[in-house]
Amino acid sequence: MQNDLSYENVTMRFEGRSGAVQALERFDFQVSSSEFLVIVGPSGCGKSTLLHLTAGLYKPPTGRILLGGSEIREPGPDKAIVFQNFSLFPWKTVHDNIEFGLRINGIPAAEREEQIKRVIRLIGLDGFENHYPRQLSGGMQQRVAIARSFVLKPRTLLMDEPFAALDAQNRQIMQEELVRIWQTQRPTVLFITHSVEEAVFLADRVIVMTRRPGRVKEVIDITQITGENHWRSDPFDEVIRRAEFQDVRSRIWGLVKSEISVRN
Amino acid sequence: MADGSAEARASHLPAEAAPAVITRSLGDRIEALPNALRVGVMLFFWLVVWYGVVELFGVSKDFLPNPIDVISRIIRLAWEPIGAGALLTHAWASIVRLLWGFAAAIAIGVPLGLAMAYFRPLQWIVAPLFELFRYIPPIAWAPFAMFWFGAGSSAQAYVIFTSSFAPILINTFRGVQLVDSRLIDAARTLGAKSWTILFEVALPAALPHVVTGLRIGLATGWMALIAAEIVAGTGSRDGLGYLILQGQQQLHADLTIGAMVLIGILGSLIDLAIRTAEKRFAYWRD
Ligand SMILES: Nc1ncnc2c1ncn2[C@@H]1O[C@H](COP(=O)(O)OP(=O)(O)O)[C@@H](O)[C@H]1O
Ligand SMILES: [Mg+2]
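First to last, the protein sequences are chains A and B.
Heads up: the first sequence at position 256 corresponds to 256 in this note's numbering, and the numbers run straight through without jumps.
Just add 1000 to the spot in the second sequence (first one is 1) and you have this note's numbering.
Wrong hints could be hidden among the right ones.
As the list claims (entries may be wrong) - Calculated cross-link-like contacts (lysine-lysine; reagent style DSS-like; alpha-carbon spacing at most 25 angstroms):
id, chain 1, residue 1, chain 2, residue 2
1, B, Lys1193, A, Lys153
2, A, Lys92, B, Lys1279
3, A, Lys153, A, Lys92
4, A, Lys92, B, Lys1193
5, A, Lys117, A, Lys92
Unchecked claim - Each pair of labels, with its calculated beta carbon distance range:
id, chain 1, residue 1, chain 2, residue 2, range
6, A, His131, B, Arg1038, 35 to 41 angstroms
7, A, Lys59, B, Arg1120, 17 to 23 angstroms
8, B, Phe1281, A, Glu114, 27 to 33 angstroms
No lab work stands behind these hints, which were simulated from the structure alone.
Every residue, glycine too, gets a C-beta built ideally from N, C-alpha and C.
Next up, chain B with everything else stripped away, as it sits in the complex (with noise of 0.2 angstroms):
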C-alpha cells in the first residue's frame, strides 16, 4: 500500500512541476516565492498599507508620519546631526554600550556556569540569589546604577549587564550539565585529568548551549540597551535610545519612528550574525 501511494505520488510530479496547468490559490503563489523575496514583498506590502491608510484618513504627521516622511528622515539621518552626532555616530554609541554589557556578562556568566556545574555545592550557594534577582526587570537597575556609574553609557552598560547575565549563565549552567557522562568517563580511562576534562570535554561539548546563551543574552541585551538609553542615558547624547527620546521632545513622530525601525533592523542583524556563528560552533552536530 505504501508502495503503491508512493508511487501514486510520482506519478503527478510532472503535473506539479508544470504550474500553469493548476491554478494556484494566493497563499501557495506566496509560500512558493523564495524566502528574502517573499519578506521583500510583503514588507513592500505593508508599507503600502501604511502609506494608504495615512494618506486616506488624512492623518496628520505629528500622529502618524507616512512611511516615505520615516525613510527619508532616516536618510537625512546619515549626515544630519542631532545631539552627539549623525546616524552612524548614534548606532556604534548603542553597539559599543551592547558589547561592553554583553563582555562583562560574558566574562562572569560563562565561568561561573562553568563553575556551578563542576562544584556542586556552589549551585546552591548562588541559586538563592538568582532566585532572588529574577524577577528584577533590568530597567528596575537602571535609576540604582545611576547612583553607582552616574548617568551615562557606564550605567548603560550596567543595565544590558543585569539582562545578559542571566541567559548566559543559565545555558552555560545547563550545558555542562547535560554533558553526556559516558564522554567524561572515557576521557578519564584514556588518562585525562579535570583540567583537561574541562577545556576539551565539558567545555566543547557544552559550546552549542553556551553559543546559544550568548545568543538570547545578546538579544534581550538590546531590548535592554533602549529602554536603558531612555532613562539612563541623560549624560551621554548619543544612542538610538536618545534619538526616540528626542523625537519626542522635539515633536518629531518621523525622528522617533526612525529610530525604532533602525533598532529593529540593527537587532535582526546582530542575532543574524550570532545565529551563523552558531552553525559555525555546532559544525559536528547532526
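Next up, chain A with everything else stripped away, as it sits in the complex (with noise of 0.2 angstroms):
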C-alpha cells in the first residue's frame, strides 16, 4: 500500500476570542511512502496542528492533505497518532486502553489478547495491566499511548513529542524499539520533537519549520549525509559524540534558534 503524504497549500486558521489565530500558511510538502520524517520548530509554530490535521480531526480550509493519493476526511486507525498529552481514557485500565482500539475495529478476542501482551511487554510495563493511568508516571503513561497507537499497525504513525516525559534511559529503550517497529511495519512516521539530537538521530529527513504561521523553513536529508549505514541503527550514546553527528545537530539548531529570535 502507497502511503505517501502530500500537502499541497495547507493553511489553517483558529478563531479565537482574542482574534484568529494563523496556524499553518501555505504549508507544501511530499513525505514518502515509509519515510522516517521528523519535525522541529519554535514552540506554538503549528506542529500539533500539522499533525492533528493529518489524523483528520479537522480539515484544513484551504489546500488538501493526501494519503497514498486520496484526500484525508476523517480519522481513523489507519492513521494512529501519540498526543502530546497522552489522552489515555482515565477510566481504563492499562490493558482496556490499549485493547480499545482493537475491539472497535473488530479484532477478536483472542488475537487482542496475544497482541496486547505483546506490547505490553514490549514497553516494559508487564504487570501493571490492571493499573490506572493515575497509578502511572507520567513516562509510563506515555508508553500506554504509544502502545495503543502501535498495536493498530497504522499506514501513518504521528507522534507528538512522544518521548518527551520519558528518563534518558528508557526514551533510548522507546527510540531502538520505535525504529524497530517502523523497520518491520513500515509506516510512514511523522515524528515531532523538541530536541535536535533525537531529530537528526532518527529521521531520514528532518524539517524545520518557521516560527507561526508554520511554514517549511528548510529541510535537512539525514540519509544523503549517512548513506547507508544510518546513525539510528547504532547506539545513541555512542553516535552523538561523533563529529559529523555535531555538526548536523548543531546546525539544525541555528536553524531553529533563529526562528526563535526574530522579532518583528
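Reassemble the complex: the two chains are provided individually, in unrelated frames, and hints are given to aid placement.
See the structure below:
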C-alpha cells in the first residue's frame, strides 16, 4: 500500500476570543511512503496542528492533505496518533486502554489478548495491566499511549513529542523500539520533537519549520549525509559523540534558534 | 529554614503523643474523638439540653414534648398502626413514592441531558422552557398534579419528579459538556464512531457528574416528598408526611416530631448510601 503523504498549500486558522490565529500558512510538502520524517520548530509554530490535520481531526480551510493519493477526510485507525498529552482514558486500565482500538476495529478477542500481551512486554509494563493511568508516572502513561497506537499497525504513525516525558534511559529504549517497529511495519512516521539530537538521530529527513504561521523553512536530508549506514542503527550515546553528527545537530539548532530569536 | 522548622516540629511529636503532659481545652478534646463517637456524644448532649429545658420550665406536652416522649412514640409506632399501618408501612410508602418519582426523573433527565450536550440545537430549544419552570417550587405543582393524577401516590411521585428532574438533567448535561475533548479526539483517531464515543467515552467521563446529579436529585426529591404527602396525600393514608399531618390534626406533638425525626434519619441514610455509590463510580479519579 502506498502511504505517501502530500501536503498541498495547507492553511489552518483558529478563531479565538482574542482574534484569529494563523497556525499554518501555505504548507507544501511531500513525504514518501515509509519515510521517517521528523519535524522541529519553535513552540507554537503549528507542529501539533499539522499532526492533528494529518490525523483527520479537522479539515484545513484551504489546501489538501493526501494519504496514498486520496484526501484525508476523517480520523481513523490507519492514522494513529500519539498525543502530546497522552490522552489515555482515565477510567480504563492499561490493558483496556490498549484493547479499545483493537476491539472497536473488530479484532477477535484471542488475537487481541495476544497482541496486548506482546505490546505490554515491549513497553516494559508487565504487571501493570490492571493499573489505572493515574497510578502511573508520566513516562509510563506515555508508553501506554504509544502502545495503543502501535498495536493498530497504522499506515501513518503520528507522534507528538512522544518521548518528552521519559527519562534518558527509557527514551533510548523507546527510540530503539520505534525504529524496530518502523522497520518491520514500514509505516510513514511523522515525529515531532523539541530535541534536535533526537531528530538528527532518528530521521530520514528533518523539517525545520518557521515560527507561526508555520511553513517549511528548511529540509535536511539525513540519509544523504549518512548513506546506507544510518545513525539510528547504532547506539544513541555513541552516535552523538561523532563529529559529523554534531555538525548536523548544530546546523539544525542554528536554524531553529534563528526562528525563535527573530522579532518583528 | 524550611528544614529547620520541619525538624523543630518533628522534635515536638513525642510530646504531643503523650497527652497527659499537656492540658487540653474542651474543643481539642471534642476534636480528638472519632467522628461517629463525636456525633453521638453531641447528639446526646443536645437531647439532654432539650430534656432539661422542657422539664425546667415545665413546658406543656402539647407545646413541646420531651425527647423521651418522642423516642418512645417512635418505638410504639413500630407496631401501633396509624392510618394504613405501622412505622414500616409509612416509611416504605414514602420510599416507594420517592423511587418512582426519582426513576422517572432519571429516565427522562439523563437521556435528555446527554442529547442536549450532543445536539447543540436541542440545548437552545429546551433552555427557555427550563428557565420558565426553574422558579416554580416543586410543591407548587402539587395541586396541579392532583388534576392529572388525583390525590394519591401518583401525584406525589409527580411532585418528586419535578424536583429531582432539574439537578439530574443539568448535571448530566454539564458532565458531558465538560468531557475533555482531547479524549474524544483520541477515540476518533482510534476508529470510534459516534455511538461508541457516546457509550464508551462521553458517558463514562461524565458519570461522576451524573451520579452527583442523582445524589442532589434524590435529596431534593426527599424534601419535596414530605411536602407532597402533606399537600397531595389526602387520598392515601400512608407515608411519613401523613404521620406529621395526623399528629398535627390529633394534637399529638410527639407524633409530629417523631415523624420529623424519622424523616431526617431516613434522608441522611439515603444520602449516605448514594455517597458510597458515588465513590464507587469515581474509582478512577484522583
Ligand atoms: N484548538 C485551538 N484553538 C485555538 N488556537 C489553537 C488551537 N490549537 C492550536 N492553536 C494555536 O495555534 C498555534 C499553533 O499551535 P500548535 O500546533 O499546538 O503549536 P506547536 O505544537 O508547534 O507548539 C498556537 O498559537 C496555538 O495557540
Ligand atoms: Mg505541540
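Pair hint outcome, Lys92 (chain A) versus Lys1279 (chain B) [Cα-Cα no greater than 25 angstroms]: holds, 16 angstroms
Given pair status - Lys92 (chain A), Lys153 (chain A), alpha carbons within 25 angstroms: holds, 21 angstroms
Given pair status - Lys92 (chain A), Lys117 (chain A), alpha carbons within 25 angstroms: Holds, because 16 angstroms separates the two Cα atoms, which is no more than 25 angstroms.
Status of the given 17 to 23 angstroms range, CB of Arg1120 (chain B) versus CB of Lys59 (chain A): holds, 19 angstroms
Given pair status - Lys1193 (chain B), Lys92 (chain A), alpha carbons within 25 angstroms: This hinted pair holds, its Cα atoms lying about 18 angstroms apart.
Outcome for the supplied range 27 to 33 angstroms, where the beta carbon pair is Phe1281 (chain B) and Glu114 (chain A): At 32 angstroms between Cβs, range holds.
25 angstroms limit on alpha-carbon distance, applied to hinted pair Lys1193 (chain B) and Lys153 (chain A): holds, 19 angstroms
35 to 41 angstroms as the expected CB spacing between Arg1038 (chain B) and His131 (chain A), which holds or is violated: holds, 37 angstroms
Going down the numbered hints, you'll see the structure goes against none, and every one checks out.
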